[in-house]
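Could you build all of it, start to finish, from the sequences and the hints given here?
Here is how the chains run, residue by residue.
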Amino acid sequence: MIVAERKSINELVDMLPNGSKILVLGCGTCVTVCLAGGEREVSIIASALRIASRARGLGYTVSELTIERQCDNIFIEQAAEAIEKADVVLSLGCGAGVQAIAERYLKKPVYAGLNTKFLGILEERGMWTEKCAQCGSCVLHQYGGICPVTRCAKHLMNGPCGGSREDRCEVRPDRPCAWQLIYQRLKGIGQLDRLEKIEPPKQWSASLSGGPRVIVREDHRI
Amino acid sequence: MNSTNKGTTIVAFCCIYCAYAAADLAGSMRLQYPSNVRIVRTPCTGRLEVEYFLRAFENGADGVLVAGCEEGSCHFKEGNLIAKRRVAYARKFLAESGLEPERLKMVNVSAAGARQLIEHIKEMAETVVKLGPSPLNKAKRSAPQEAKL
Numbered sequence: 000m001i002v003a004e005r006k007s008i009n010e011l012v013d014m015l016p017n018g019s020k021i022l023v024l025g026c027g028t029c030v031t032v033c034l035a036g037g038e039r040e041v042s043i044i045a046s047a048l049r050i051a052s053r054a055r056g057l058g059y060t061v062s063e064l065t066i067e068r069q070c071d072n073i074f075i076e077q078a079a080e081a082i083e084k085a086d087v088v089l090s091l092g093c094g095a096g097v098q099a100i101a102e103r104y105l106k107k108p109v110y111a112g113l114n115t116k117f118l119g120i121l122e123e124r125g126m127w128t129e130k131c132a133q134c135g136s137c138v139l140h141q142y143g144g145i146c147p148v149t150r151c152a153k154h155l156m157n158g159p160c161g162g163s164r165e166d167r168c169e170v171r172p173d174r175p176c177a178w179q180l181i182y183q184r185l186k187g188i189g190q191l192d193r194l195e196k197i198e199p200p201k202q203w204s205a206s207l208s209g210g211p212r213v214i215v216r217e218d219h220r221i
Numbered sequence: 000m001n002s003t004n005k006g007t008t009i010v011a012f013c014c015i016y017c018a019y020a021a022a023d024l025a026g027s028m029r030l031q032y033p034s035n036v037r038i039v040r041t042p043c044t045g046r047l048e049v050e051y052f053l054r055a056f057e058n059g060a061d062g063v064l065v066a067g068c069e070e071g072s073c074h075f076k077e078g079n080l081i082a083k084r085r086v087a088y089a090r091k092f093l094a095e096s097g098l099e100p101e102r103l104k105m106v107n108v109s110a111a112g113a114r115q116l117i118e119h120i121k122e123m124a125e126t127v128v129k130l131g132p133s134p135l136n137k138a139k140r141s142a143p144q145e146a147k148l
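Going down the list, the protein sequences come from chains A and B.
Sequential numbering of the first sequence, starting at 0, is according to numbering that gives the first Met the number 0.
Sequential numbering of the second sequence, starting at 0, is according to numbering that gives the first Met the number 0.
Some hints could be false.
[As the list claims (entries may be wrong)] According to the in silico footprint, chain A covers these stretches of chain B (three or more CB under 8 Å from chain A):
#1 49-58
#2 86-96
[To be verified] Calculated cross-link-like contacts (lysine to aspartate or glutamate; reagent style EDC-like; alpha-carbon spacing at most 16 Å):
#3 A/20 - A/86
#4 A/6 - B/95
#5 B/137 - B/99
#6 B/129 - B/101
#7 B/129 - B/99
#8 A/107 - A/83
#9 A/106 - A/80
#10 B/91 - A/10
#11 B/91 - A/4
[What the hints assert, rightly or not] So the derived label-pair ranges between C-beta atoms look like this:
#12 A/16 - B/129: 31 to 41 Å
#13 A/152 - B/69: 42 to 52 Å
#14 B/125 - A/67: 45 to 55 Å
In case anyone wonders, no lab produced these hints; they're calculated from the structure.
Just so it is clear, CB atoms sit at the ideal spot from N, CA and C, and this is done for glycine as well.
Shown next, in the form of structure tokens:
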């Protein structure tokens, strides 16, 4: 899922125009699961903005709404009335959600209330870790299901580097060395021979480096 | 009880298994405590969400006390530990929003801890006196009226 993190109230206050009617708009999908932009977080952020407004004399009028999915026009429709009534929208969706709202409401300023961080999973309670860099050409099968593009700090396709300490990454000692994990995993599934093959340089044109990506499914187009 | 408390309000969320019983005991013991405290009985402090604390301030509280069981004694095992983390998180929001985080505090008392609970309430009342009324209430306080809770 997409993992995001809230901006501080000070950052939001700096962004939002004084005296405006603000709709804090949450999203019920990924950002709800990562506890950044769901119904509860909308309630907390809206409350904190009201407190900030009264404590600092900012003149906000804050309303709240959470829709099922901000990145889908069908669900955005449910927020139409609330968006129309507001001067500005503070979206607690991911970057895709913010843009979907902005594209739909051309004259309505939309502000991002979250910093969208990565594609990851809930590793432990209250802790999310990055697992996929969306490189566009998946090689997970070659590495026992552990992604060297994402989880090796140096993105090494032929690792490990000389900096692996025990099972720790030298760049982030609090994180495991991805290549140690790859070795253990391949050993566990009896595929260590995969490491004897030298991988050629990765083709990055399929990633964001090749420009914004589009997928077209002709069988679904009308 | 204290004239300096006049016009301010402290909300005390009290767990029914400990602090609320302690407050009840304080009444039976005829112990005196600040008259500006409003006790809210809760099934467990772990039931309290971050927005409850923020809403209390929005609705006129000058200080909020969260009184749960002693650590290790929660009726629901870890409700008070959950509350401790939520209070810490809510304090960050208060600080970012422009309210003093000291206005929100978590304390732990047993059902027999009437005197301890009262000490905690008095401490919070003193904190509110020291900090003054919540900036959210200042405009309202200029025209005397009861805080709406």
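Inset, instruction - Mind listing which of the numbered hints don't hold for this structure, in increasing order? - result: none
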